[in-house]
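Asker: Chain by chain, the residues run as shown.
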Amino acid sequence: MTTNNNSEPKYVIETQDLEIYYGTFKAVTDVNMKVEQNKITAIIGPSGCGKSTLLRAFNRMNELYAGTSIRGKITFNGQDIYAKEVDPVEVRYRIGMVFQKPNPFPKSIYENIAWTARIHGYKGNMDELVESSLQQAALWDEVKDKLHQSGLSLSGGQQQRLCIARAISIKPEVILMDEPASALDPIATLKIEELMQELKKNYTITIVTHNMQQAARASDYTAMMMLSKEGERSGTVIEFNETKTIFTRPSDKRTEDYVTGRFG
Amino acid sequence: MKEKEVVQGFSNNVNTRNRYGAVWQIIFQASTIVGIIALIALMLNIINSAFGYIAYEARVDPDTFTVDGVPLEQQSKDQLLTLLQSELSSGAYNKLENEKPFADRSREEVFQLIVERIIRPEIVAVWDLWPSLTQADEIRATVAQEFPTAELDFVSWLTSDFVTRPQTSEPLTAGVRTAILGSLWTIFFTVILAFPVGVGAAIYLEEYASDNWLNRIIQTNINNLAGVPSIVYGILGLALFVRAFEPLTSGEIFGLVDPTTANGRTVLSAGLTLGLLVLPIIIINSQEAIRAVPRSLRNASFGVGATKWQTVWSHVIPNAMPGILTGTILAVSRAIGETAPLVVVGASTAISFDPESPFSKFTTLPIQIYQWTARPQAEFQSLAAAAILVLLVLLLSLNASAVLLRNRFSRRF
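Going down the list, the sequences are from chains A and B.
The first sequence begins at 11 in the numbering used here and counts up by one.
The second sequence begins at 657 in the numbering used here and counts up by one.
Chain A extracted, bound-state conformation:
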């Protein structure tokens, strides 16, 4: 993990003329955006405009859905992640993901993290790793006495933080979050948002959210996605800027309508 202390911003993920297809259907068109290191980049927009599809393309999770393909380019630290020689497993190892619905493994809390570390050949002190991961995910105090209970016995918010702990246990460089708080109540949501602020010191975060307040509160950059044209079913990023610009002086009329709640 290199910290970025010079004034030149370092971009971890960049896309060039990205198009994503489900079979012949083009779901996402013409996306050019950059994800800056140690920042939180939010992707917002109405339902069905391809936010999650775009996010999944960032660590090649989209390949698990039949018939998906991309055109254009996504680079990670300058390397094209869709290049032939790149193994998607390696990509997902370095770009972790947290999903909309909390999905801990049906194993113990401890095993959720230990299994994840073990498959990557972790040979160090497992107890320490489990503790530090849970602490970083602000979950340690709540679960330290029941590490060997099922991960599924936790509340929804705790499960989601366990998923975050699991994701960061293997020290990825980027964490992708696909509406991580949409299944949670406001208090659990707040905890996740606080956690994100904590995590961005060490990680780069990209988050898809339906919740504009969440994007406004929590993110540094915002990508506004929308169906590219009236009558077309293909989404695109219509505006990408610093979050405060998007929410105060958006340059696109559609963004303004959306963030002020007049549409969407």
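Bear in mind the hints are in silico, worked out from the structure with no lab data behind them.
Bear in mind the structure is a predicted one, so any value in this text is a computation, not a measurement.
Wrong hints could be hidden among the right ones.
To be verified - Taking lysine to aspartate or glutamate and the EDC-like style, the derived pairs with C-alpha atoms no more than 20 Å apart in a straight line are:
1. B/K964 / A/E95
2. A/K210 / A/E46
3. B/K964 / A/E46
4. B/K751 / A/E95
Dock chain B against chain A, hints included.
Answerer: Chain B only, in chain A's frame:
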């Protein structure tokens, strides 16, 4: 409740709709009751045949063989053998010796032979349970009048002796041990073949096979194979395991049997044939179970950079295992009850010694039941009923142990 005002275009029909629901409920209940009645009728029918009065006569009085005041039941094996040799023709004696050397037979087996071949108790009349209970006096009167030398006994055809005795041609001494062991050996090989191959194929088809025309054809064929009549598998087993692989299935190439008498009609052939029969069922059920593993769990695994194999091994298989086991239990239950393919593969109909290796000749419970029910005498119907009860108990206990195993798997979390 005050009736709702009728809105234009709607009719207030809550009562009518509830009535419809009630009618359907009664229909469904009736279907269940029909099923239960059928089951009860089956059980009553079997139990009715499995117990009741029998009248029997000994063709030779056992008391005539008492030596020095020692009754036949207490004589040693050597004494019994001498008796056997003196009473049987030398041809019959040598035939028995050839089936299984007398040195290898236990005293009980020799005693059985004497009862069977020399004393030869003969059943003269059999009654079912219901007449035995309701018309006992008439039965006694009939026996006293028609068979004055016969003894009348109320018997349970299902006894512990019945389960532990080998098969014989005399109904009074016949047992199903040979058939039970044959069934267990057969099922063992069925599971050994069908479970790993079936689960492996299901994993490949669900997790690895791409969606192309070849794999779709394979899938369609598997689905159709599950519906192929079992006799067809019997023919396949006959051609493949009994004939083509004869040196292997008869044990000849392992040097375990005399090449001159070896043939492929063995436990191994039967087990493999039934394995082929249930393979499509296990594949389909396992595929269902694997498909039911939620996508979110796979995502979780792939999302932390697990490989396909790590995901399949650590998450998909453990979570699909209860479903896979349920499917396997159902398939194996079917295999235990199969008769037709085994007839074709060549189950022996009358053998009195236990299968001892994969290359033994064998019979199974359903074959035994089939043989007995095919005979005209009432006592064999009763034997068949008792054997059916044994088969049901065997099925239930195999199922119960499989269910326990499955519950252990699903309780992991």
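Asker: Going back to the hint list, which numbers does this structure go against?
Answerer: 3, 4
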